[in-house]
Amino acid sequence: MTALAPTTTGATLDVEKIRADFPILSRTVRDGKSLVYLDSGATSQRPYQVLDAERHFLETSNAAVHRGAHALSEEATDAYESARDRIAGFIGADDGEIVFTKNATEALNLVAYGMSNALTSDDPKAARFRVGPGDEVVVTEMEHHANLVPWQEFCRRTGATLRWFGVTSDGRLDLDPSVITERTKVVAFTHQSNVLGTVTPVEQIVAMAKQVGAYTVLDACQSVPHAPIDVHALGVDFAAFSGHKMLGPSGIGVLYGRRELLEALPPFLTGGSMIELVRMEGSTYAAPPARFEAGVPMTSQAVGLGAAVDYLSALGMENVHAHENTLTAAALEGLQGIDGVTIIGPRNTESRGGAVSFEIDGVHPHDASQVLDDSGIAVRVGHHCAWPLHRAFGVQSSIRASFYVYNTLDEVHALIDGVRRAQDFFARDGVSL
Amino acid sequence: MKLETMYQEIILDHYKNPHGKGLREPFEAEVHHVNPTCGDEVTVRVHLEGSGADAKVVDLSYDALGCSISQAATSVAYDLIVGHTVGESFEVLSAYQEMVQGRGKVEPDEDVLDDAVAFAGVAAYPARVKCALLGWLAFKDAVAQADENAPELEGQA
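Just so you know, the sequences run in chain order E and F. UniProt numbering numbers the first residue of the first sequence as 1 and each following residue consecutively. UniProt numbering numbers the first residue of the second sequence as 1 and each following residue consecutively.
These aren't lab readings, by the way, just hints derived from the structure by calculation. Glycine included, every Cβ here is placed at the ideal spot set by N, Cα and C.
Cβ-to-Cβ under 10 Å is the rule here; a few derived chain E residues that face chain F:
1) Arg30
2) Asp31
3) His364
4) His366
5) Asp367
6) Gln396
7) Phe426
Under the rule of at most 30 Å between Cα atoms (straight-line distance), these lysine-lysine pairs were calculated in the BS3-like manner:
8) Lys130(F) <-> Lys102(E)
9) Lys56(F) <-> Lys130(F)
10) Lys2(F) <-> Lys105(F)
11) Lys130(F) <-> Lys33(E)
12) Lys2(F) <-> Lys33(E)
13) Lys210(E) <-> Lys125(E)
14) Lys130(F) <-> Lys16(F)
15) Lys16(F) <-> Lys2(F)
16) Lys56(F) <-> Lys16(F)
17) Lys17(E) <-> Lys33(E)
18) Lys102(E) <-> Lys125(E)
19) Lys33(E) <-> Lys105(F)
Take these sequences, add in the hints, and give me the full structure.
Laid out in structure tokens, this is it:
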């Protein structure tokens with residue numbers, strides 16, 4: 001366990017220097033309060049390096065990529081493909097294995113729709129993805145809606161049956177071996193719960209899936225931004241993550257797919273750019289990744305995400321992870337030291353990331369967040385797009401603090417003070433709730 | 001301070017001791033409304049006598065899970081609606097909706113709004129407007145289901 005330092009997180013990251021890169025962190029909110037941004041699990045803030053890269057691209061090289069032969073078009077295409085290369089390198093993938101999407105949700109839908117399109121595809125390579133009645137798709141009860149609802153819909157379209165791993169009371173997956181069977185065709189699961197912070201045993205689940213020949217789809221939205229990830233070493237077939245949770249722009253997500261599988265997967269969205277040959281009677285499709293990037297893609301966003309990956313690589317993902325671990329440990333300890341506060345999820349930093357969700361007895365999360373907000377502290381409240389998970393824990397909603405490279409131990413302490421203030425506020429004047 | 005402006009004593013009192021809470025019979029319609037962003041939910045039943053704007057709301061019973069704002073708003077709605085006509089209730093609801101959605105620019109009419117004027121501070125927090133409206137809009141829906149001659153809410157399609 002990382003030792004706690006009083007005000008800094010030790011030598012892993014120079015947080016003061018990092019904070020100077022993020023202009024938004026110096027603003028005030030709610031009548032002059034310093035912003036304490038603890039909602040990076042929802043969306044992260046962007047450093048000058050990302051903002052400048054986008055602006056520089058737009059000021060010098062903006063053009064529609066992969067079309068035209070003029071100078072700007074070539075430069076824009078180079079910038080776009082260079083971003084793809086660096087993002088691939090960041091997660092240990094090859095560049096042909098990275099598809100740009102609108103966001104992670106679209107990336108997950110791309111897999112689900114690509115697979116169900118195999119039912120009507122006349123490409124013999126697509127046959128391996130055919131799923132129908134009697135087949136099963138396995139998800140987990142801790143999924144974000146983005147990796148649950150697309151599979152519910154996939155099952156509705158294909159006639160397959162949805163099954164899931166439950167969650168234990170301490171916030172871990174209950175890997176009941178009877179859930180994955182010979183009928184399982186897809187296992188879609190999160191790498192790190194956006195609510196509990198739980199890191200799931202990817203290698204173990206991949207081994208279970210491989211044993212029955214099922215495809216694995218990893219929601220890596222909460223892992224890729226926060227820890228060193230090597231998708232080849234993890235052995236998953238597909239993985240999805242979003243740009244805006246990793247210091248990059250919104251409007252861009254990433255799908256990783258093993259090359260062999262992307263080559264066989266039918267397209268999801270169709271139109272320009274993704275074709276090989278178009279005739280009035282029908283069309284053939286380009287090789288991946290172009291097959292999955294219909295239309296003029298987002299370009300400055302890709303450039304910005306490339307810059308974000310460079311920024312994170314320069315910090316070192318091991319250091320990023322260690323820094324967040326220190327903040328998480330302090331938050332867990334501080335919150336558990338308050339009477340009436342209950343952590344939802346693992347209570348120590350073992351196999352756990354920096355999302356800390358909790359409840360305060362007698363104070364509804366919405367009301368608590370209002371008091372925190374009044375102190376300038378931004379947290380997420382609600383069910384965090386993981387409604388079944390909240391139901392499993394018997395709670396209607398929760399408060400979530402989530403940490404990133406620019407957060408400090410002082411901010412964790414501000415959160416803890418804010419929670420006490422919320423308790424005091426709603427206990428005032430004898431109003432006992 | 002804005003926070004105390006929103007969390008008026010009267011709101012916290014209603015939150016602590018909600019008026020008219022619990023589902024009762026008889027009723028002509030029951031609706032279930034959810035705020036999908038936070039998971040707050042309310043079930044509302046209405047018991048009307050008569051039809052149209054002159055119908056009398058004999059009872060409004062409810063069960064609710066949610067934050068102080070949504071709970072207190074539903075409790076205040078109970079106080080202001082039961083015993084009045086649908087037309088009168090809708091007049092209050094219109095003024096109330098205009099106030100909480102008004103971003104603080106709408107001067108509330110206390111003669112119409114009565115205790116509901118306590119929710120004026122919500123207008124400064126757009127993220128909480130749905131909380132303040134959850135129970136009221138469920139009531140409106142329940143009336144529409146209970147009575148095919150129910151009036152339109154002023155300013156609504």
